[in-house]
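Protein chains: 2
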Amino acid sequence: MRIGIDILGGDFAPEATVRGSILASELLPAGAKLVLIGDESSILNICREKGFDPSVFEIVHTSERIEMGDHPARAFMQKPSSSVVKGFKMLAHGQIDGFASAGNTGAMMVGAMQVIRSISGIIRPCIATSVPRPSEYPCLLLDVGLNPDCNQDELNQYAILGSIYAHNVIGIKAPRVGLLNIGEEEGKGNLVTKAAHQLMKDSTFFKFIGNVEGNDLFSDKADVIVCDGFVGNVMLKEAEAFYAMIRKRKIVDEFFERFNFEHYGGTPILGINAPVLIAHGISNDIAIKNLIIHAAEVIKSNLCEKIKEAFKECPE
Amino acid sequence: MRIGIDILGGDFAPEATVRGSILASELLPAGAKLVLIGDESSILNICREKGFDPSVFEIVHTSERIEMGDHPARAFMQKPSSSVVKGFKMLAHGQIDGFASAGNTGAMMVGAMQVIRSISGIIRPCIATSVPRPSEYPCLLLDVGLNPDCNQDELNQYAILGSIYAHNVIGIKAPRVGLLNIGEEEGKGNLVTKAAHQLMKDSTFFKFIGNVEGNDLFSDKADVIVCDGFVGNVMLKEAEAFYAMIRKRKIVDEFFERFNFEHYGGTPILGINAPVLIAHGISNDIAIKNLIIHAAEVIKSNLCEKIKEAFKECPE
Chain A
4 MRIGIDILGG DFAPEATVRG SILASELLPA GAKLVLIGDE SSILNICREK GFDPSVFEIV
64 HTSERIEMGD HPARAFMQKP SSSVVKGFKM LAHGQIDGFA SAGNTGAMMV GAMQVIRSIS
124 GIIRPCIATS VPRPSEYPCL LLDVGLNPDC NQDELNQYAI LGSIYAHNVI GIKAPRVGLL
184 NIGEEEGKGN LVTKAAHQLM KDSTFFKFIG NVEGNDLFSD KADVIVCDGF VGNVMLKEAE
244 AFYAMIRKRK IVDEFFERFN FEHYGGTPIL GINAPVLIAH GISNDIAIKN LIIHAAEVIK
304 SNLCEKIKEA FKECPE
Chain B
4 MRIGIDILGG DFAPEATVRG SILASELLPA GAKLVLIGDE SSILNICREK GFDPSVFEIV
64 HTSERIEMGD HPARAFMQKP SSSVVKGFKM LAHGQIDGFA SAGNTGAMMV GAMQVIRSIS
124 GIIRPCIATS VPRPSEYPCL LLDVGLNPDC NQDELNQYAI LGSIYAHNVI GIKAPRVGLL
184 NIGEEEGKGN LVTKAAHQLM KDSTFFKFIG NVEGNDLFSD KADVIVCDGF VGNVMLKEAE
244 AFYAMIRKRK IVDEFFERFN FEHYGGTPIL GINAPVLIAH GISNDIAIKN LIIHAAEVIK
304 SNLCEKIKEA FKECPE
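Top to bottom, those sequences are chains A and B. Per this note's numbering: the first sequence = residues 4 to 319. Per this note's numbering: the second sequence = residues 4 to 319.
Some hints here could point you the wrong way.
The list treats identical chains as interchangeable, and a pair is accepted whether it falls inside one copy or across any two copies.
[Unchecked claim] Taking lysine to aspartate or glutamate pairs in the DMTMM-like style, the calculated list, with each CA pair at most 25 angstroms apart, reads:
| hint | residue 1 | residue 2 |
| --- | --- | --- |
| 1 | Lys210 | Glu300 |
| 2 | Lys210 | Asp288 |
| 3 | Lys197 | Asp223 |
| 4 | Lys53 | Glu265 |
| 5 | Lys197 | Glu243 |
| 6 | Lys191 | Glu70 |
| 7 | Lys253 | Asp223 |
| 8 | Lys36 | Glu18 |
| 9 | Lys251 | Asp223 |
| 10 | Lys53 | Glu18 |
| 11 | Lys191 | Glu243 |
| 12 | Lys191 | Asp156 |
| 13 | Lys36 | Glu300 |
By construction, these hints were calculated from the structure, which means they are not laboratory data. This one's a predicted model, so the numbers in the text were calculated from it and none came from an experiment.
All chains, full assembly: derive it from the sequences and hints.
Below, the structure is given as structure tokens:
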């Protein structure tokens, strides 16, 4: 397994990305190789400072960087030697098995959609996030931002994507899928969720448990919660705000500490042909470590192949 | 000022409603009269048990009740002597200045829309909720459930309604209005919020500060946050769930205690011709007390007249 990591992506690159790679390298399964795409001398310097042997890594040198403020599509065209473009080229050519970055999200999306492309049958890819809850496994919420105007067919596909992800990556045997709504009863909701409910209740591709509500996000009711990217993004940011208040109030609690988004290891773009993971620009070294571990799990689970398989037999 | 209260509405009626009325009666401004609409002998019994003189109240007797499970429109037709229907008739005839209930929300909506009706110029009424934040005043979030499919014109009207409410009832001098969105920049969002942003940024009817995000709900950025009833309902329930976890984890904190929704005093239906307030079915006596106090504030602020005034000169 070869995992590509963008060393130049993120607000704290290259320090956080190299240090995160060092932390991850000690935890990765045997046979996994980290491919660091970025400035070689910086990488060697940071390894030296940490007393770490850089020969553990494979280094693909480049010093060209897509900045956070760059126009995504334009930068992707105009910076062909950038770490992001290099990463996507290597992924497309099978030189790495997955690519992860905390850099310019727009540029990552351009690469995902134009180089790696959607799996045949998928209307629009999405991103998912794991939300902590008291039970053993987190709850998967999707979409959390890629598709703010979903129709019922897209929501129905997200149920399939979420179900496959929860089973293969999180490890939940038969994930219970809920449709985020504003009432439990079948007839409740806005026009799109009412229509989606009708599609989802007859699906044989996942285990539908019906509508769930905003207060079910942290409960054990559903393992996968499906919503449009507008609502998902708002919910996620509200949870982040609540955690920020917990910190501000100096409350120390083991459960709430799981909401520490600083440590979040990014999210794969679901529905494209190869593993691509994106992370917060503010990712610190622990977040980058978790991003790489997460990438390894996604690659190992064969997620993309399993999604392709499901969508071969699945109606759009 | 005469405040009508539905004694038969809510899961814990008539105990909670009568006890709440007793608690409120000691806090209401001079000249305020509570009109209790419900079973007279129960009211007298509960007052006697509490050692309270029932002559403080005006009692309008009825024992007919719209149940929580009743079909709203049908019950409104078939139970003309019910406390809810009586309350709306009295409000329409000016025998009370406002009407509050923790009963069947659907039946309350039927009364609001068919008996009291929308103010001329208002496309669709909405409901708002006050969300605690560290600053002096809470943040007003609307719509939180009446209108799950909003268009840009409705969102723009909610900005006006929220601004008038925040100024006149909450007491914020020049409320800053934010549009809930998934990015700060003008071009971000779904189709409806993008269009709403264009309408709102040129409005002279409120002070627009631009887009706000999910994590701004508990911040000091905006005093009024406008969203559709689907997103607002989800956000509100997510906050309820977070507070439930705070309780479950036995965290005692003065700020988070403000999220105790058990004590919430209901919400007025904004955009109709007279003050109507609805509350959670699970309201206990403290919630009912707060509901009545809230009704008194809404009546005293002359909110409905101020909204009528604003919509006379306001484009739809």
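Status of the hints after comparison with the structure:
no. : hint              : verdict
1   : Lys210 <-> Glu300 : within (23 angstroms within a copy, 48 angstroms between copies)
2   : Lys210 <-> Asp288 : neither (37 angstroms within a copy, 41 angstroms between copies)
3   : Lys197 <-> Asp223 : within (23 angstroms within a copy, 35 angstroms between copies)
4   : Lys53 <-> Glu265  : within (22 angstroms within a copy, 53 angstroms between copies)
5   : Lys197 <-> Glu243 : between (29 angstroms within a copy, 24 angstroms between copies)
6   : Lys191 <-> Glu70  : between (44 angstroms within a copy, 20 angstroms between copies)
7   : Lys253 <-> Asp223 : between (27 angstroms within a copy, 19 angstroms between copies)
8   : Lys36 <-> Glu18   : within (20 angstroms within a copy, 68 angstroms between copies)
9   : Lys251 <-> Asp223 : between (28 angstroms within a copy, 14 angstroms between copies)
10  : Lys53 <-> Glu18   : within (11 angstroms within a copy, 69 angstroms between copies)
11  : Lys191 <-> Glu243 : between (28 angstroms within a copy, 20 angstroms between copies)
12  : Lys191 <-> Asp156 : both (18 angstroms within a copy, 23 angstroms between copies)
13  : Lys36 <-> Glu300  : within (13 angstroms within a copy, 66 angstroms between copies)
Violated hint for the displayed structure: number 2, the only one.
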